[in-house]
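*Asks:* Spelled out from the first residue to the last, the chains are:
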Amino acid sequence: VTTTETGSTPVEQHDGERPEGWQFNSLLLLMALLVLVVAAKGPISRLVSGPVSRNWMTVFIAVLTQALPFLVLGVLLSAAIAVFVPPGFFARVLPSRPALAVPVAGAAGVILPGCECGSVPVAGALVRRGVTPGAALAFLLSAPAINPIVLVATAVAFPRTPLMVVARLVASLLVACLMGWLWLRLGRPGWLRPPARPSFEGHRRAAAFWGSVRHDVMHAGGFLVIGAMAAATVKTLVPGSWMRTVAGIPVVSVLALALLAVLLSICSEADAFVAASLSQFSLTARLAFLVVGPMIDLKLFAMQAGTFGRGFALRFGPATFLVAVAVAGLVGTVLL
Amino acid sequence: VNREAQGVLLFLVGGALLWASLTDLYLRYVRAGLRPMLILAGVVLIIAAIATLWSELRPARAARRDRAGADHGGADHGGADHGGADHGGADHGGADHGGADHGGGHREPRVSWLLVLPVLALILVAPPALGSFAADRTGTVLQEPPILPPLPAGDPLRMTVVDYAGRAAFDHGRSLGGRRVEIVGFVAAGRRGPYLIRMVFNCCAADAQPIKVGLAGRVPPGLRPDTWLDIIGTYTSEQIRDEVNGGPIPFIDVSQSRQVPPPKEPYEF
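So the protein sequences, as listed, match chains V and L. Every letter in the first sequence is one number past the one before it in our numbering, and letter 51, counting from 1, is 51. Every letter in the second sequence is one number past the one before it in our numbering, and letter 179, counting from 1, is 179.
Simulated from the structure, these hints should not be mistaken for laboratory data. Some hints could be false.
To be verified - Here are some, though not all, of the chain L residues that point toward chain V, as calculated from beta-carbon distances under 7 Å:
(1) 5
(2) 152
(3) 154
As the list claims (entries may be wrong) - Away from chain L, derived, C-beta distances all over 10 Å, residues of chain V:
(4) 72
(5) 104
(6) 162
(7) 184
(8) 188
(9) 190
(10) 235
(11) 251
(12) 252
(13) 255
(14) 309
(15) 318
(16) 319
(17) 336
These numbers come from a predicted model, not from an experiment. C-beta atoms are modelled at their ideal positions from N, C-alpha and C, and glycine is treated no differently.
Use the sequences and the hints to build the structure in full.
*Replies:* Right under this line is the structure:
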């Protein structure tokens, strides 16, 4: 019943009341697009029937199909926490000494299942509730990388190298703590703009829960599509010989995959599967991909700039990148 | 992207996931074991879509009811405004439904639009499993099998391409003997006649890599790449190196072959 009503009711409403109606244009646009595409099904499928485009689409769909269930699981759990865990909870349980709060907050990242898109608003909320920024930042960096869903996804993606999970956990936690302490030493309050964000407080629980699910899927889903497109492009168009050449040089390969992680901006729940597909590269290089990706990439940079201010993002992003690459290289050399 | 469009997008993505997982379509992209999670994800997305659309419609209906009430009762319903405010209609701005509220934090970034791409790709094109294009670019990933159990009974004996290639390349056919075996794979152009190929992967089709077997003996003429073949043949000691990565490519001496449709599960593991 609900779905059939939606087609007409809001449109009629807006038509009557808001002639300029930007609000529902996106719905109308979506509908028009769907009708157009379905009408032009024949030409479109002929257009994409070449071997290159078919290969591209297969990889694109494969990455998404593999990643979406994990994204949905993460989004569900993070919605449950956003709705059922009281807001003051994290501030109460953290130690009051900042230097001690950093590792505790970093380790607490384990309990926020979800990808990095979810951790930025949570870290913002922590700062607003008086958690010392260093600790909130440690949480911001560790949560997307070391939560159970991401670790399970990593184990599934690397069935033959279970040590990858350990290495990812250790390296990510280390980077998170280092960055937290670095902020305590060098950070200035002026760099960090206190964040504001829409909250679901005041809504009924069910509405808040599904509102959070919708919000997270829309945010993370769009960027996941970009990541899948980039992965499919790399897989389909970049000649295998280039990849093998880059992959053959130890230090360069680590840097190359770290940069790739920044460019691809894949959700941390799905990045392990992309890393697994980059099988020409050494495990250390792929570890760098997995450590850097959840901490700093194009979409995270955009989100951090939006939440904490551009001055913050410009300093924090590059620093995180350098520390993450160094730690991943070190941990990878020791463990893998 | 406003909330109605978001609801429709969620519904489309969830529906596409459900459709792919309830048919055998998903086997072109991921492992069979992922099916329960795919179904679950599809259902959750559809519920989220319904919840979104439901909460979008509620204020609209409430606003209409309020207006109808005001027309009717005038002074009688003086309190109705307050009532309306309580059940959420007013925090959406009542008749100005979606004004400030939507303009604020609730419109999601444009990038959400991209979610329509996988839906269209799945429903309109449903791209096939990786074929000869990917296999040509990648070297064979044949590895020495850790143990070689004796072959079961059967003539011809159905084997996976991975199993045949492993026994042929590393065991020099000792465990194969003169047995007739039957293998299924797709065709790709090779250095010395066509290859019969099966893709294998760890996680999903994005990391798929080929296992290649060379065809010798009675190879049907005019084979086109990506044709699926069911082959019956015997071991031959012929073996070459893959031009891409130098991996071993064993051969099979074909005695019979016929074209078959692509199997339900196009990959081996």
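*Asks:* Each hint needs a verdict: does it hold in this structure or not?
*Replies:* Comparing the hints with the structure gives:
1. 5: 4 Å, holds
2. 152: At about 26 Å, which exceeds the 7 Å cut-off, the nearest Cβ of chain V leaves the hint on residue 152 of chain L violated.
3. 154: Violated. Min distance 30 Å.
4. 72: Answer for residue 72 of chain V: violated, closest chain L Cβ roughly 4 Å.
5. 104: About 30 Å separates residue 104 of chain V from the closest Cβ of chain L, which puts it past 10 Å; holds.
6. 162: 13 Å, holds
7. 184: Label holds. Min Cβ-Cβ 31 Å, cutoff 10 Å.
8. 188: Non-interface label on residue 188 of chain V holds, nearest chain L Cβ at 28 Å vs cutoff 10 Å.
9. 190: 25 Å, holds
10. 235: Residue 235 of chain V is in fact no farther than 10 Å from some Cβ atom of chain L, at 7 Å.
11. 251: 23 Å, holds
12. 252: Holds: least Cβ distance 20 Å, greater than 10 Å.
13. 255: Non-interface label on residue 255 of chain V holds, nearest chain L Cβ at 22 Å vs cutoff 10 Å.
14. 309: Holds: least Cβ distance 17 Å, greater than 10 Å.
15. 318: Residue 318 of chain V is indeed farther than 10 Å from all Cβ atoms of chain L, at 23 Å.
16. 319: 26 Å, holds
17. 336: Per Cβ check, residue 336 of chain V is outside 10 Å of chain L; nearest 16 Å; holds.
Hints 2, 3, 4 and 10, counting from the list given before, are not met by this structure.
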